[in-house]
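Keeping the supplied structure of chain Y fixed, place chain L upon it in accordance with the hints.
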Amino acid sequence: MGRMLPISSTWRVRDMGSPKLQGRHLLGLDGISKEDIVMILDTAKSFREVLDRPIKKVPPLQGKTIVNLFFESSTRTRISFELAERRLSADVVNFAASGSSVSKGETLKDTARNIEAMKIDMVVIRHSSPGSAHFLSRVVDANVINAGDGEHEHPTQALLDMYTLREKYGTLEGLRVCIVGDITHSRVARSNIFGLRTMGAEVSVCGPATLIPHDIEALGAKVYHRIEDIIPRVDALNVLRIQLERQQSGLFPSLREYHRYFGVTIDRISKAPKPITILHPGPINRDVEISADVADSEHSVILEQVTNGVAIRMAVLYLLGSTN
Amino acid sequence: MNIYLKNGTLIDPLSGRDETLDVLIVDGVIEKVGKSVAADRLFTVVDLKGKIVSPGLIDMHVHLREPGFEHKETIETGCRSAAAGGFTAICCMPNTSPAIDDESVARYVHEKGKSVCDGIVDVHPIAAATKGRKGTELSPIAELVQAGAVGFSDDGSPIASAEIMRRVLEYCSMYDAPVIQHAEEAALTEGGSMNEGFVSTRLGLRGIPPIAEELMVARDLILLQYVRSARYHVAHVSATRTVELIRRAKSEGLNVSCEVTPHHFTLTDAAVESFDTNTKMNPPLRTQEDVMAMKEGLRDGTIDVIATDHAPHTIDEKEVEYTVAPFGIVGLETAIGLSITELVRQKYITMFQLIEKLSTNPRRLLRLPEIVIAEGTPANLTLIDPTMDWTVDIRRFQSKSKNSPFHGRALVGRSIGIINHGKILLTG
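Protein chains in written order, with this note's numbering: chain Y, 1 to 324; chain L, 325 to 752.
If you're looking for bench data, these hints aren't it; they were derived computationally from the structure. Just so you know, even glycine gets a beta-carbon here, dropped at the ideal spot from N, CA and C.
DEER-style ranges, computed between Cβ atoms:
hint	chain 1	residue 1	chain 2	residue 2	range
1	Y	22	L	639	23 to 33 Å
2	L	594	Y	119	33 to 43 Å
3	L	719	Y	117	21 to 31 Å
4	L	485	Y	271	44 to 54 Å
Extracted from the complex, chain Y is given alone in its bound form (with noise of 0.2 Å):
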């Protein structure tokens, strides 16, 4: 605790020697030890901090060039890295693409390295396929931040919930928290899992046995199919948008079908013996994975995860950022 103190007008880290993660970027939570998680959250904590006060703009990274490369269209998870770039005063370059790389006829690799050209230290990077963060690692020298590989991994995403949920109950450990959705093709319960149980907290995922992907035990995760045999069992559900696409894929039978079975209703989580508290990445399909009355209940904390997506970002941005 109070490692640093970042104060808007006389800003300064008043820890002798600045923490250091142990690598050079942030590419998954899949072997990211406890002590750089713990690191983030609690640096997280301090611009959290910042973010309450009138003038929000601390200068660890001015001088800095970040860019944003976006390869898969997004708008809060950019806003968000932005917003966060911005704030610790860095100079923000957006680059957007949609579709893959080798469509528009420029490899990822020649995208990169022309961007890195231009004298670029850090890149965030969005894009559809797994790996594609690793593999920018491997080809440019800037310190790499994976906003989202495809299906694989949404590390800033799973710190947020974390995050949240840590401030929340004061501890990840022991805390028991289920995945509700697609887990197969979700990045987000990926990186919350291996985040999860680094952290020492009990993990479990809920959705129709056509959406959970292959040997997923193996993981760490225990797998249910009914919502309601694992609503008394956890403190926290992170609820994961259910995508039409899915159903035209044939891997489920229909929205109607999957709010009537898997959908988080007031009435389900009220049968709860202690209150539940509800997380969702966003954004959310109102009275499909989730009830209205739920996602503005009290017992949502939906837009307290964005507020903390931005003081997470800053702390990963400032954290490697000191790396170089």
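Showing chain L alone in chain Y's frame:
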């Protein structure tokens, strides 16, 4: 040229010989095999003490890329790679452009093989079973046999229709030609980049489940039971139950054979964790259990052949996102080293069995002339140093492509030369 192979250990499965003998070769023909043979003329002497003289090896599963994809490999660079790897013969798969589904293309490939690398490596085309490898109409199988095709396959594209597969088996049976299936039920593998299992779940990559291979093999074996005169060969087996299915079919007397690649008995899907696209191949690297099943299949004879599925791709083609990268790795120059290191040294099979799987068995399956190391027969030989320690270095590959996951790997054993058609190439 007259060649005197001195003090080599002669391992010759067809004559059953495994002993230290000298071999005299005059004008490409073996003149004498014996102990301490006297050289009565001027010979080039090759001292092979501690080395092996084997019948010429053949890789029955190679992608030469010519015609159509010469930026990856040509018949010439492919033959050079084969020669460096110790192969005196290779079979090339028909997924070229145009495909080898026409006698002119088959002849072109076959003849071109004779004109490159001094003709020391024989190139035998495996022709497409269906026109354009589309799986809908039979290719001119009889004409292709006439033009030198030694087997039929739509490799890369499984023959999905049971009706077409049945007809291919029937038609090929008239010419005693094996039908080689790339066994994959495509409906189960769409969008897949790696084995489906714990690792794919961890990495978020779409999986290619082992059942896709097993289902197709099971179907084909039922067809084969019905078309008894046909010969069916499963390319690059990778899954445990595939080996079990084939083992049972063989015990029931079906005419089935199969091959495995060195990478499928060496690596597991854990290698994909690096997202190195040189670990992306189809069929994918599977689990440790599957690797053990491959070794056991080789040991008990269920797996007849080791073939590399040599699949060259350029660095630029491979240095892309994992899901975008093409499948396949080069294999010709690491095959012997991996086989000796993983199989012989670990005592799954003997050197004798290894040579059967790299020479005798594939030649028999393809109805190519037998190689017996005996007086009066043409010298078609591979010279192997079974104890040489070396490290794989892709920069030294003769292949035009360098896509190998084995770069930097320490191996034991490699080819030190080949002899074929009166030519000798020493590489050791």
